[in-house]
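**Q** Residue numbering for the sequence shown follows this note's numbering, beginning at 1262 and increasing consecutively.
Because the hints were derived from the structure by calculation, they are not lab data.
Note that the structure is a prediction, hence the values are computed from the model and not measured.
There's no promise every hint is true.
As the list claims (entries may be wrong) - Only pairs whose alpha carbons sit at most 20 Å apart, straight line, appear in this in silico PhoX-like list of lysine-lysine:
id, residue 1, residue 2
1, K1368, K1347
2, K1368, K1342
3, K1368, K1343
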Amino acid sequence: MNFSWCTVNVINLEESLRFYQEIAELPLDQRFMAGPDREIAFLGSGETKLELICNKAAASVTFGADISIAFSTESLEELMKKLEEKNVPIIAGPIQPNPSTRFIFVKDPNGLTVQFSEHINN
1262 MNFSWCTVNV INLEESLRFY QEIAELPLDQ RFMAGPDREI AFLGSGETKL
1312 ELICNKAAAS VTFGADISIA FSTESLEELM KKLEEKNVPI IAGPIQPNPS
1362 TRFIFVKDPN GLTVQFSEHI NN
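Produce the entire structure from the sequences given, and follow the hints as far as they go.
**A** Quick look at the structure:
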């Protein structure tokens, strides 16, 4: 069995695509209409995809306070520079719970908590 995708409901698909393509560096896999008021986009190139669903009739989306999604990065320092350039505030971190891992948290355009982590080779 495989973990196929994680679904995130979004308010503004363009803004969300920009965040996940520019910040998380996920390529667009496919994008399509799923009815008159719903558009779906899949991002990613590996086994697990990120599915963004935009229901144009919805006024808002909500996420549980204890849920987040995470991405790994080669350089947390470079990513933090990019976040600053894109005016994406870091809400927590950098946190280094052990000698080989560092991470930060940001919010995506919809308010979902997103973690970016770096594995440090010692």
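**Q** Hinted pair, alpha-carbon criterion (20 Å max): K1368, K1347. Please report holds or violated.
**A** holds (13 Å)
**Q** For the pair we were handed, K1368 and K1342, check the Cα-Cα distance against 20 Å.
**A** holds (16 Å)
**Q** Please verify whether K1368 and K1343 have alpha carbons no more than 20 Å apart.
**A** It holds: about 14 Å lies between the C-alpha atoms, which stays within 20 Å.
Hint check: no violations occur; every hint is consistent with the structure.
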